[in-house]
Structures are given as structure tokens and as C-alpha cells.
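With the hints as extra help, turn the sequences into a complete structure.
So the chains spell out like this:
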Amino acid sequence: MQLRSVSKSVLAVSLFALAAVVGGCKKQVAATTPAPTPAPAAAPTVTLNATPASIQSGQTSTLAWSSTNATDLDIEPGVGKVSPQGSTPVTPNQSTTYTITATGSGGSTTATAEVNVSAPAAAAAPAATPNLSDLFAQNIKDAFFDFDKAELRQDARDALTKDAEFLRSYPQARISIEGHCDERGSTEYNLGLGQRRAEAAKNFLISLGISGDRMTTVSWGKERAFCSEHTEECWSQNRRAHLVLVQGGGSGE
Amino acid sequence: MRRRLAVLAVAFAAALLGSVPRASAQDWFTTGTGLGVTKVRLAVPETAVRSAPAQPFQKTFHDVLWSDLEYSGILDMVSESFYPLSAPSQPSELNAQQWSAQPCNAYMVAYGNLSVNGTSLSLAGYLSDVHSQTASTALQKIYNDAVSDEGARTLAHEFADDIISTISGGQRGIAQTKLVYVSAHNGDKEIWEMDYDGANQHQLTHLRTISLTPRWSPDGSRIAFTCYVPYRGAPSAQICIYSTVSNRMIAFPHFPGTNATPAWSPNGTQIAFMSSRSGGTELYLANADGTHMQQITYAAGVNTSPVFNPKTGQQIVFVSDRVGDPILYMSNADGSNLQKIDLPDMGYVVDPAWSPNGQLLAFSWRRPTGNYDIYVMDIASHQLVELTKDEGRNERPSWAPDGRHLAFESTRTGTNEIWSMLADGSQPRELTFHGENESPNWSPTD
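Heads up: the protein sequence lines correspond to chains A and D, in order.
Residues in the first sequence are numbered consecutively from 2, following this note's numbering.
Residues in the second sequence are numbered consecutively from 719, following this note's numbering.
Each hint should be verified, as a subset may be incorrect.
[Unchecked claim] Taking CB as the label site, the calculated pair distances span:
(1) A/T102 with D/S939: 41 to 51 Å
(2) A/K142 with D/P948: 51 to 61 Å
(3) D/N1055 with A/L133: 50 to 60 Å
(4) D/Q1013 with A/K150: 19 to 29 Å
(5) A/L133 with D/P948: 13 to 23 Å
(6) A/K163 with D/Q921: 37 to 47 Å
[What the hints assert, rightly or not] So these bits of chain A aren't anywhere near chain D, every CB distance computed over 12 Å:
(7) N132
(8) S134
(9) K142
(10) R185
(11) T218
(12) W236
Bear in mind the hints are in silico, worked out from the structure with no lab data behind them.
Virtual Cβ for every residue (Gly too), placed ideally from N, Cα, C.
What follows is the structure in C-alpha cells.
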């Protein structure tokens, strides 16, 4: 008990001392020059230009930028993080306003540049150039499998052979190959079986010259069925390697 | 081991002639589960109420206590219609002879009184041996919890576990255990948790993708499961770990492709799982933080669903389709000493679950003529018992820590639900009711 009351009075004394220090400090700030806090960081500046500012669809414009006092620069849409100054070609298929955001320890600022896109001069061209996802959807076919099998049937090989042609024509396309199974198998085993189907499709595409670096695989097991009837017709639709275009950059984790 | 397999092959040839026995009073099954021995005849009269504020909780308390004891598998509950007219509230009021005489014929009596003391609902609980002349009190204990239905449930579970532990020679009851499982009740498949009797169902994860195959760590502090997260901009399946202590995710490294079906080593330091990181679907063993990953299967085809021998940690059983349909294999935990587990019929054998004492394997088997059913096999003799039959799909067995109960998923009501049963297939209990519930995993007792 004695000890507790002693420590209590010590605490009271130290609180008093602390209050005195805080009060003293306030007075000092008012009486003298400002404390030597670090000088405020200079605000960043940034400029962005597009040359030429008007192009026809399919042509390229060049974005050029420079900045001061910025550590982090980002151009949207579609360009992403960039160095403090530089240039990059862009090929927008419609008129686009690019915004660069410069961030430094002194804050952040933005600048914009517009690229006007007009329809191509050639009258023969279609009204709009189909983009990669549309072309992918029109041309890519999935590979289908027999029950509890991950071996490629002839129809699956034919489909993947056509897929390989497409992937050769569009070398920028990256794909995710997603293995699926029908509901009759067990959940855990199907996670493995779906992966085998995806790998079988991937290995066949590699044998046709498509780089493995452009393909990732995953199994959905029986978790994402395409068809929900309990019939063989439906099950046969659910046993597949489904090819999906991977959108955006392929930056690793 | 090889000689034993040869002996088993002969046993199987014999078994092929007849069907697998459904229920069992066989010695191996009794040894493996503790079921099938003579049950202790127990009377549980309604608990006395000592103070009026305790009255509203008497029914919940009694119902939960009765249910826990009836479901223990080791007690023969004496019907209340045979009880003497007055029930004791403490040992001095117990007339042992009345309870042990016909028609009650009880061997033991569990009784006591409920009261509210301040902010506590309080139970004075007693278990007395009435078959001897000197009715001895085997258990007497005061329990306290919140003055609520939930508090009454907790008191009942604690008292039930102490009664079961006293009667079964120290083996802990499961009335306070929990199940984790997968439910799409709120849209996406997430990890959920409930009490072992189906109460207190609640969602643990909110990942909004698909989460599968939850497994408790042996100390109950973590749940490892299969989750879906982006890897290099594309979907991938990964091992996720959820802390039941901090209610947050714990980091585990990501690998390409499909990584799934984690299993804990019994000391909690290692995780075995399926990974496609090298192209195949092989099993790997890693430390619980994902480091020191070593490949333990090398076979074309699917290798998945590993489970450790919980007694020794030295062996694993897993599923592989290397020779056709998926079937079970056993090996050392490092993959050496591989052996196929032969069964007396063809079919598709998945979802192995190793009993806590290391003696039995439960699994799901779809034989050529039937649907998925739960079987239990004695590992030493390969003798089998079929626990479910002709009632939809029955899959994903998980042992309770007492080795006397199994949880599983079943479609027998038309929707996929979590069920539990005694390890001999009796007393099936439906625990969920709204569909899209699967993959139960029973918690340890601690």
C-alpha cells in the first residue's frame, strides 16, 4: 500500500514537470524565430504535350513530358507509371485526353494533353477497327473433354490449332487457360482435374509454337459451371479448357 | 507391411463375395471408435431452479444438455417417464435406490440446480453413481456464464463435456467444439463457422470470390483453405490462412496455377498441399509459412487431398488418378514408401480423413453401381464399414476430435447440407438447412 502511494506521488510530480515543459515550450516558440523544421518541399511541376495532336485511327501520336520536384509520375489512360521526363508513342482508337499526375514530397499536380482521332481516310476500311477482345471472342474456341479425362480429343486439338493461329497473329495477346469439370466429380479432385485440362491445352499450344510466357493456367474445378442442367449435354459443356484474354499489363505480383 | 497387404488381398477376395457390412459390432470398429461397447445408462432429470431469474433458461439448459449427452455415443439415456417423482437438486436429496431400481434402472444420475447470482447464470452440477449402495458423487462443480440463452447453452455444453469425460475415463467430449465449412448463403462461397450442434452459424471470411476446403490447424488458431486471387493479372488458386485469433488473413506465398487442398501436420509446423507450380498437379510439403517447399509426389495425373496421420505425423494418405480413376494412396510424409490402398470394388475414391487415434480412414467412395457414400476402413486390416447408403451424395467426411463422430456433406434432402453422425453411421443430424453448404472440418477440442 505504501509503495503504491509513493509511485502515485511520483507520477503526480512528473505530470507537473511535463506540464511545465509544455507551457515553457509554447512561450519559447512565440518569442523566438520558428523552430528549425525542415524547409517546405517545393511543389512539383509537370508539362505534357502530344505530337501530332490530331491523328487518323490506327496512326501514332507521341506523348512527351517533363517534370520538376516529382518522384512519382503516372499517365492515364493506359500508360501507367513513367520516369520524371520522357516520351512514349500512343495509338488511341478514339479521341483521348491523357492526364499526367506528378507527385512529390511537396504535393501533387496534373497536366493534360488531348489526341484527336479521326476515321481513317481509306474508304474501304470498316467503320471501326474491332479491338482485340472482340476479335478474341470471335475467333478463340475452347477445348472440350471426356468425363474424368484430361487427354485432348481430336476436336479439342482442332480448336486449339485454330487458337494457335490467332495467337500467332496477335502476339500481344496474353491468355489465361481455365480448366473446368462437370458436377459429378468431387470438389477437391476436380480442382486437380481442371488444372490437368488447362495444362494439357497449354502444352498443346506450346507444341504449336506459342510461348508459355503468354499463358497462365488455373482450375475452377466444378465451381463455375457454364451450364447447370443435370444432363450429359450440359455436363459435356462444363468439361473444358476455357481460353480467356488477360486484360491489362502482365506485371508480376 | 507387404505381407499384411497379401493377407488383405485374400480378405478382399472373400469380401467381394458379399457386400460391405453396413453397421458393425466388430472388434476393430469398437477399438477404433470407442463405439459399440456397453453404454452407461444415465438419467438426467430437469435441473432444479433456485432463483426466479434463472427460470427462463431452464428449458434451453436442459434441452442442450440432453442433446449433448444423447449424441455422445457412449450413454444410454433413460426416458424421463421412468424417473421417480421428485428430482434431487443436490447430493443430499438424492435417493439412489429409487433411481437404480426398476423401472428407471439408471447406473448414474446427472442433476443440479440453476440460479442467478449477480450478473451470472450459475449451475451447481452433479454426477452420482447410483448403482452401488454408497452412491458416490463422481463429479460436482459450479459453472458460471452470462444470464442469457447463450449462457445457458454454454453451461450445458461444459457440464455435458465434464460428464462425458468422467464416464469415458478422461476422454474429452465435443460439446464445445466447432465446425468450419463453406457456404454460399450470402452469395459467394466463403468460410463459415458454427457450433458442433449447428448453433451460431456465422461467416468468417469476406473475400467475395470462391473459398474452398477449410482445415483447422491442430491448435485451432488458424484455418488453411483454398482461395482464388489474381496472380500476374490472371486468376489463380492459392493457399490462404485465416487467423481465428486476430480474425485476419495470414500471409502465405503465392505460386502459379492451382494451389489447393491444404492439410496441417499434427504439430502444426507443416502444410501439405496440391500445387501446379511445376506443371503437374503434385503434392508438396512446406513449412506453415510457405518456406522450404519440397515436392513429395512424382506421378502423371492428379495428386490431391493429402491428410496426415494425426497420431504420428509420419504418414500421409492422398488421392491420385495415376492409374485411372482417383483412388487412395499412403506414403511416408516425405513421399517415400508409397502404397496403393486397395478396396474390394472399383470406383472413385476421394476425400480421405484420418481418425484422431490413427487407426481408421474415412473417405467417400462412388462404387460403379452407386452414388457417393461415406465408408470407414481399419488401416491395419483394411476391413470396411459403409456408413451411408441410398441417400443422395454423401462426401467430405471429417472426424470429430473424440473419434466417435463424423461430419460430412449430403444431398439427401435435395440441397447440399452439412450433417454429422456417429462414426457407426447412426444418429445422422442435419446441421444446415438453406442449401449450398459443403466441406465441413471439425475443430480440435482446445
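* Asked: Which numbered hints are broken by the structure, listed smallest first?
  -> Hints 2, 10 and 11 not satisfied by this model.
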